[in-house]
Amino acid sequence: MEIIKLIGVVIVIIGFALKFDTIATVVLAGLATGLVAGMTPMEILETLGTSFISQRTATLFVLTLPCIGICERYGLKEKAVDFIRSIKNATTGRVIFVYQAVRTLSAAFSLRLGGHPQFVRPIVVPMAEGAASSKYGELTEEETDVIRGAAAGAENYGNFFAQNCFMGASGTLLIVSTLVEQGFEVTAAQIAAWSIPIAVISVIIGFVRSIMIDGKLSKMAGGDAK
Amino acid sequence: MTFAQILQEVFSALIGIVFILVGIKALKDEGAQKKATTVAFWFILGFTFICGYWIPKWIVGVCIIALAVLTGIKGVVQSKSDVPTHEQVRAGADKFGYKIFIPALVIAIGSVILTWLGAKVPALNWLTANNSICIGGLLGLLCVLLMTKANVKYAVVDGTRLMDNVGVTGILPQLLSALGALFTAAGVGDVIAKGVSAIIPEGSKLIACIVYCVAMALFTIIMGNGFAAFSVITVGIGIPFLIAQGANPVIVGALGLTAGYCGTLCTPMAANFNIMPAALLEVKNKYAIIKSQVPVALCLLVIHIIIMYFFA
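Here the protein sequences line up with chains P and Y, keeping their order. Going left to right, the first sequence walks through residues 1 to 226 as the numbering used here numbers them. Going left to right, the second sequence walks through residues 227 to 538 as the numbering used here numbers them.
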């Protein structure tokens, strides 16, 4: 009954999919896996404790928070907003692309720009829709859905695919600690360096995408461009 | 203990102190909800970071279970923070302009330079990548304090504010790598590997790359969380079929996690990235964001496989 060892994987899948508490799910999955594999409770506690302590490095990002926090107090996010607002005469696709580029850079330097509530809704969407309506007049709901979907996507691409370029990012540290725990000596600097290609490619794809969005909008608006 | 290890313990203790300070913030908050359990969580977590190295590890194991119980009963909540006012933030932005980005650049670029020095100069070999990140963080802090002439207490005020925003999930990466260790000790990786070996023909690197990247994306789609998928799929597929066959662990690891993020772009399970923003942006179709992201995700997933095949 080898397959019973997968109970921990099953618990993780069910727990995350059903949105149970993540920490409790992970610990429960670990305990269950240890028990079905015939480890004694003491062995389980020892293994869990030992690797938790040796992997405290996965939580190093905490030491970057005081600096970033004070930068925020003195206008870090405000200046990012100022920069995006300064783009003039841009098309919808261009506005979205510039936001993605800014978001990518900021993620690579571990700046927490705040995402959908603080940037996309109050700044990117109004600018992108403003650019479209000045060209095509009043926008239909289908058109605003396309613009808003693309703007929200730009936030996610920048956030996901660039964050690991920072050595102290929690994703980078997760990769390092997982591999080190399994006996492979990798460093955060190496992982960060090999995260750069995908970050660059995601920006290139974003650029192509922005041209396609402009094309799609012009097609949706049909001949009725002003 | 080497000097590098001593430094690492010092920095771990500093992180522990940040956790304790978040606990104290909750303790001082008059109107705090679920105060006792919140304070207990941060104090226990701080204790494991400060003392964990010196005490028997089963005690740390017990602490972890206690942390899981506290979050499991939804006992840990944010306490009140000193949030800067809009006027204060605007005044800072007008005064410092784009210079306010410098301290953040100091952290990122500083840690890269320090790591590089540590690798090049034998006398500085205590500058491991991990220690460099910590020193980078402190240099950034020093820089922002000198630049803004802010009161030093804001290091605590703003540090604990952000830590509380990140919340309990901040320790998820660390817990997941501990889970990966337990999986390995229990032989879970072997079981998955045995099952997967049916689809991966011996020695086919291309198929191994495809299976690993697609499995990362699929597991992330199901669980809504790339971190959790990473520890399971890397132990079960990435290591036996790629790294153990000679693939570069750095490239497999770095690309593995972002391959998982391609899955994040496609799943309503990642509600805070795809569903909640849809409500926030008032789109008509609540899947409008996912619909917009799927072509990009597929394209990027294929690119992940190609890069992993040729470079790893």
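It should be emphasised that the hints constitute simulated quantities derived from the structure, not laboratory data. Among these hints, one or two may not hold up.
[As the list claims (entries may be wrong)] Derived Cβ-Cβ restraints for the label pairs, each shown as a range:
| no. | chain 1 | residue 1 | chain 2 | residue 2 | range |
| --- | --- | --- | --- | --- | --- |
| 1 | P | Ala193 | Y | Phe229 | 48 to 58 Å |
| 2 | Y | Ile433 | P | Lys219 | 35 to 45 Å |
| 3 | P | Pro122 | Y | Glu428 | 49 to 59 Å |
| 4 | Y | Asn377 | P | Glu142 | 33 to 43 Å |
| 5 | Y | Tyr324 | P | Ala90 | 35 to 45 Å |
| 6 | P | Glu2 | Y | Cys525 | 32 to 42 Å |
| 7 | Y | Met502 | P | Thr40 | 15 to 25 Å |
| 8 | Y | Thr311 | P | Glu2 | 55 to 65 Å |
| 9 | P | Asn89 | Y | Glu428 | 51 to 61 Å |
| 10 | P | Pro122 | Y | Thr395 | 24 to 34 Å |
[Claimed, not checked] Simulated coverage check for chain Y against chain P, where a stretch passes if three residues somewhere in it have a Cβ under 8 Å from a Cβ of chain P:
| no. | segment |
| --- | --- |
| 11 | 247-256 |
| 12 | 295-308 |
| 13 | 348-361 |
| 14 | 424-433 |
A virtual CB, placed ideally from N, CA and C, is assigned to each residue, including glycine.
Between Met502 (chain Y) and Thr40 (chain P), does the beta-carbon spacing fit 15 to 25 Å? Violated, since Met502 (chain Y) and Thr40 (chain P) (Cβ atoms, about 43 Å apart) do not stay within the stated range.
Is 35 to 45 Å a correct range for the gap between the Cβ atoms of Ile433 (chain Y) and Lys219 (chain P)? Given range 35 to 45 Å: holds, Cβ gap about 39 Å.
Is the coverage entry for the segment 247-256 of chain Y by chain P consistent with the three-residue Cβ rule at 8 Å? Since 0 is below three, the answer is violated.
For the segment 424-433 of chain Y, do at least 3 residues have a Cβ located nearer than 8 Å to some Cβ of chain P? violated (count 0)
Between Ala193 (chain P) and Phe229 (chain Y), does the beta-carbon spacing fit 48 to 58 Å? Once the Cβ atoms are compared, 26 Å apart, the range 48 to 58 Å for Phe229 (chain Y) and Ala193 (chain P) is violated.
Could one say that the CB atoms of Pro122 (chain P) and Glu428 (chain Y) fall in the range 49 to 59 Å? Roughly 55 Å apart at Cβ, these two residues keep to the hinted range, so it holds.
Taking the beta carbons of Glu2 (chain P) and Cys525 (chain Y), is their distance inside 32 to 42 Å? holds (38 Å)
Distance restraint evaluation - Tyr324 (chain Y), Ala90 (chain P), Cβ atoms, bounds 35 to 45 Å: violated (20 Å)
Please test the hint of 51 to 61 Å on the beta carbon pair from Asn89 (chain P) and Glu428 (chain Y). holds (59 Å)
Against chain P, does the segment 348-361 of chain Y show at least 3 residues with beta-carbon separation below 8 Å? holds (count 6)
Assuming the hint says 33 to 43 Å, is it satisfied by the Cβ distance from Asn377 (chain Y) to Glu142 (chain P) or not? For Asn377 (chain Y) and Glu142 (chain P) the Cβ distance comes to about 52 Å; the hint is violated.
Thr395 (chain Y) and Pro122 (chain P) - C-beta distance against the hinted 24 to 34 Å: holds (26 Å)
Hint compliance for this structure: hints 1, 4, 5, 7, 11, 14 are not met, and every other hint is.
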